[in-house]
Amino acid sequence: MKVVGIVEEIDVMKVVGYFQEREYDPEAFAKHEENEQVGALILAMIGNTAGSAVTSQSTERMGDYCDFVRGKINGNPFYGWLGKTNIQVGDYVEMAAMEKNGEYVIYAVTHPDRRTISVTPNCDQGLDGYIRSCRLYVRFVISFIILLFFIPLAWNGDLTLRILMYMVLFWIVAEPIIYFISDRLERKNPKQNYVLAGLIFEALGFKEPTEVDLIKITKKKLKSKEMPSKQNEPDWPDRECTVNYYYYY
Numbered sequence: 001m002k003v004v005g006i007v008e009e010i011d012v013m014k015v016v017g018y019f020q021e022r023e024y025d026p027e028a029f030a031k032h033e034e035n036e037q038v039g040a041l042i043l044a045m046i047g048n049t050a051g052s053a054v055t056s057q058s059t060e061r062m063g064d065y066c067d068f069v070r071g072k073i074n075g076n077p078f079y080g081w082l083g084k085t086n087i088q089v090g091d092y093v094e095m096a097a098m099e100k101n102g103e104y105v106i107y108a109v110t111h112p113d114r115r116t117i118s119v120t121p122n123c124d125q126g127l128d129g130y131i132r133s134c135r136l137y138v139r140f141v142i143s144f145i146i147l148l149f150f151i152p153l154a155w156n157g158d159l160t161l162r163i164l165m166y167m168v169l170f171w172i173v174a175e176p177i178i179y180f181i182s183d184r185l186e187r188k189n190p191k192q193n194y195v196l197a198g199l200i201f202e203a204l205g206f207k208e209p210t211e212v213d214l215i216k217i218t219k220k221k222l223k224s225k226e227m228p229s230k231q232n233e234p235d236w237p238d239r240e241c242t243v244n245y246y247y248y249y
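So for the sequence shown, UniProt numbering puts the first residue at 1; every next one is plus one.
Honestly, I wouldn't trust all of these hints.
Said to hold, decoys possible - Calculated cross-link-like contacts (lysine-lysine; reagent style PhoX-like; alpha-carbon spacing at most 25 Å):
hint: 1; residue 1: 191; residue 2: 216
hint: 2; residue 1: 207; residue 2: 2
hint: 3; residue 1: 219; residue 2: 191
hint: 4; residue 1: 14; residue 2: 72
Said to hold, decoys possible - Cβ-Cβ distance ranges computed for the label pairs, FRET-style:
hint: 5; residue 1: 1; residue 2: 171; range: 20 to 26 Å
hint: 6; residue 1: 132; residue 2: 75; range: 28 to 34 Å
hint: 7; residue 1: 149; residue 2: 2; range: 48 to 54 Å
hint: 8; residue 1: 16; residue 2: 152; range: 45 to 51 Å
hint: 9; residue 1: 101; residue 2: 220; range: 51 to 57 Å
Treat the hints as calculated values from the structure; they're not laboratory data.
Note that the coordinates shown come from a computational prediction; the quantities given were computed from them, not determined experimentally.
No residue lacks a Cβ here, since even glycine has one placed at the ideal position from N, Cα and C.
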């Protein structure tokens with residue numbers, strides 16, 4: 001659901017959240033069902049924890065620096081684990097949230113005036129946006145394979161026009177085939193954070209939510225001529241956006 005209003009109270013704590021697949025629960029988010037695992041995190045802080053205690057897991061999990069945000073909007077309390085958060089009391093915001101026990105569990109918060117968004121760690125690309133971004137890596141791998149053959153042949157003087165044509169043909173044929181296979185594999189067993197990201201963007205009213213790629217959008221805006229004066233200001237997204245999960249949209 002989308003929650004819109006003025007921030008009445010806000011408290012932000014810097015934490016380290018350890019996320020597993022089950023922490024990203026797109027089904028519960030989509031159906032607005034109560035789920036004890038929604039937002040479940042192990043918060044590593046010096047001498048303190050935020051929120052309820054969470055049973056430790058035996059599975060090794062990677063930690064993400066994030067903000068544990070708690071506050072009030074429209075008279076209702078909210079909390080969530082987000083990226084870098086720069087909202088203040090009095091700010092008009094839009095949130096992607098799920099109601100639970102009379103509170104809002106938030107997954108993203110946008111500042112429409114700034115066109116900035118802070119999201120739950122690793123929820124910065126919809127599934128289609130993620131798959132499309134992987135095409136660059138497919139091209140890199142194919143190029144690397146071609147270079148493994150090209151360099152020795154060129155060095156020894158054995159490179160002929162026919163061999164060069166075969167390499168070009170290999171590139172033309174292999175790239176779409178490998179991309180197609182990787183596309184099918186990703187859709188067959190999609191990572192839950194990308195599925196949840198699509199639902200978050202849908203709740204916020206983004207067009208084509210599964211295709212949203214906040215990383216790409218932010219990098220493009222940072223390269224634009226209008227952004228240089230803002231790049232070094234802490235209130236705005238920067239090149240560390242993929243680390244602090246704070247983006248333009």
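Check each numbered hint against the structure and report the violated ones by number, ascending. 5, 6, 9
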